[in-house]
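**Student:** Each chain, written out:
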Amino acid sequence: MTMEPGRHTRTAAIALAVVLAAAGCAKSEETTAAPAASDTQGRQVVQTPTGDAGPTCTLAKFGGTKFDLKAATVGFSQSEKEANPFRIAETRSIKDEAAKLGIQKLRVTNAQSQFSKQITDVQQLIAQGAQLLVIAPLNSDGWEPVLQQASAKKIPIITVDRKINATSCGDYLTFIGSNFYEQGRRAADQMIKALDGKGKVAILLGAPGNNVTTERTNGFKEQVRKQAPGIEISFEQTGEFAREKGQQVTEQLIQSNPDINGIYAENDEMALGAVTALKGAGKEAGDIKIVSVDGTRSAVQGIVDGWLYSVIESNPRFGPLAFETAQKFLDGQAIPDKVIISDREYAGDTAKAGLDEAY
Amino acid sequence: MMTDSEVLPAHDAPAARTAAAARREHVGRLLQHHGALIVLAVLVVVGSVAFDFFATPENAASVVVSSSFLAIIALGMTFVIISGGIDLSVGSLFVLGGVLAAYGSQAGVVVALLLPLAVCGTFGLVQGLIIARTGMAPFIVTLAGLLGVRGLMLALSNEGATTYLVKNPAFAALGQGELFGLTYPVYIAAALALLCMLLLQRTGFGQNVFAIGGNEHAATLMGVPVVRTKVLVYLMSGLLAGLAGALNAARLSSGVTILGIGLELDVIAAVVIGGTLLTGGAGSVTGTVSGVLLLGVIQSLINQIGDLTSSFQQVVSGGFLALVVIAQRLLSKAQRLN
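Going down the list, the protein sequences come from chains A and B.
Each residue of the first sequence is one higher than the one before, starting from 1 at the first, in the UniProt record's numbering.
Each residue of the second sequence is one higher than the one before, starting from 1 at the first, in the UniProt record's numbering.
Please keep in mind that the hints were generated in silico from the structure rather than gathered at the bench.
This one's a predicted model, so the numbers in the text were calculated from it and none came from an experiment.
We put the beta carbon where it would ideally sit given N, CA and C, even for glycine.
Worth double-checking, as some hints may not be accurate.
[To be verified] Ranges between beta-carbon positions, derived for each pair:
1) GLY282/A x THR162/B: 48 to 54 Å
2) PHE312/B x GLY54/A: 53 to 59 Å
3) ALA353/A x GLN314/B: 52 to 58 Å
4) LYS70/A x VAL45/B: 32 to 38 Å
5) GLY282/A x ALA50/B: 57 to 63 Å
6) ASN158/B x LYS153/A: 48 to 54 Å
7) ALA285/A x ILE140/B: 24 to 30 Å
8) GLY230/A x VAL110/B: 41 to 47 Å
9) LEU323/B x LYS70/A: 54 to 60 Å
10) ASN218/A x PRO225/B: 53 to 59 Å
11) LYS100/A x PHE312/B: 24 to 30 Å
12) GLN314/B x LYS328/A: 36 to 42 Å
13) ALA170/B x GLY54/A: 54 to 60 Å
14) GLN301/A x GLN314/B: 29 to 35 Å
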């Protein structure tokens, strides 16, 4: 175990070089991926004005005690591997905002898409004395053990991007996220426009067991049924929000339904997988209209290149809004039971200008 | 590593050499049987000193409770691996067991427990029969099980979109009820571990499992009931995976459909880290329990470090697995030389 001093320095030098090289790589990649994001750029905007409609929650009603956010231990539990831009932007936004606000003790865990691990992660955040929990839930059900522990200790939980099926202002504090049903409807509107109201459409469904998939599907289907009876949804299968899976499902799709006109992908990763599959099958850009949800940079670039028709945004920059909501709550103000953000959409000409806003 | 350094000073006298070899073998055995326990103890001590929130009752409880489900499955896997087989279907049986238990809980506690046990047990039994009677590779048979069982679960749950909730308080209590700060599944896992230990060490069935894994041909010649023993270990593995799934559904109050992906690999890792030879013929229940707890403690330690990304957990677990396999290889070589 003991090393000579000389070897120590050499090891340190090599390590430093590796770190520098890695930092260099990361930096160059960052500049091409997301150029000079200023503080407010792409920031989430609340759609439902705070305290406007629906039940509200106050510190007194929740039964907690006021604490100083800066000095508090704050736990953030990320659900999926940071292999897709949505998750990367989400975690970074939470970390950046915590740093900006001077929150010293932010603890971040990542469940690597394993639900059992996420439950244990959050329980261990509680065991580490977390006073506020921000959770990006992998699944909407199955939170019983966490909710019991948290409510016994009166720890406020803010869930971001996906919901937990439980009582707000009790089991958890509030939910911040998009109106996924509306995203589905807007995607349907774009698809109807792209196909002139008639044709065959396939849906690449998200991962099962969470409200995002259900609502993006229902919103899309209902809008199509109402607005464009000429459009037939002839294929739907889960691509689990993953690029490879989206590609694989699309490959099967063009084998089994060669006459398909449009693909609705419930996130950008699956849409990009679909593009790869279409390219592999010898299709040209624009042959099959693709509409997806998220607003990642690669997908918006896909619109510019002609492969995607439109992308409905789902803004992952939860940091500012999450901590703002927490601070309001701690200050004794009433906060809504759900904070719905407004999302942009990218199509045609707006895509190129929107590239800077995309993540 | 310790064994290597002890052999280095070369003595000329053969007596000294055999003494050294014996000592080396002794240390080797000790490491193989209790290596995971030793590393576990070291990590717990280091963690307690280094982190304020590691040795707290709450954190310890979270490690033990979350490990209990993995432990129940790993008990069955220990028998399977000692018998020279492998069971890749346990992750899928775990999630199927949970969905069936949540579904069955509408009809009461008894159904909630019996339905997953019956279905998962049947799957284990069928896999065991195919493996034992046709001599097909356990890897392939249980890989088919992994895919087929997950497909069945998806069919039952509308492609995973329907989550059955546990509304029966008596069944939920089975997973959530507490005794001395630990939930019931911990005690169930502990009782099962004790039972499996006795079964493996003190019964003819246990001896047969070792015999088959050591040398199947010799075991057959010795009159060991090979087919029956093999069928029983896969049946056991299926039952335990189903039970773990049911208890987990009770704990989560719902039949979550996204569980258990890749779980079989965690279970196999825990068993192998616990000193059970992947080639069969050697292993212990205590080792498996240590292996499971070791994986849980690694997760907890990585979470304590906080800013370190969770990917490191897999790196560390993978590193341990590699070390154990290398150590086992060296030990078995040493034993063959002797």
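**Student:** For each hint, tell me whether it holds in the structure or not.
**Tutor:** Consistency of the hints with the structure:
no.	hint	result
1	GLY282/A x THR162/B: 48 to 54 Å	violated (38 Å)
2	PHE312/B x GLY54/A: 53 to 59 Å	violated (41 Å)
3	ALA353/A x GLN314/B: 52 to 58 Å	violated (41 Å)
4	LYS70/A x VAL45/B: 32 to 38 Å	holds (34 Å)
5	GLY282/A x ALA50/B: 57 to 63 Å	holds (58 Å)
6	ASN158/B x LYS153/A: 48 to 54 Å	violated (36 Å)
7	ALA285/A x ILE140/B: 24 to 30 Å	violated (43 Å)
8	GLY230/A x VAL110/B: 41 to 47 Å	violated (53 Å)
9	LEU323/B x LYS70/A: 54 to 60 Å	violated (42 Å)
10	ASN218/A x PRO225/B: 53 to 59 Å	holds (56 Å)
11	LYS100/A x PHE312/B: 24 to 30 Å	holds (26 Å)
12	GLN314/B x LYS328/A: 36 to 42 Å	holds (38 Å)
13	ALA170/B x GLY54/A: 54 to 60 Å	violated (35 Å)
14	GLN301/A x GLN314/B: 29 to 35 Å	holds (32 Å)
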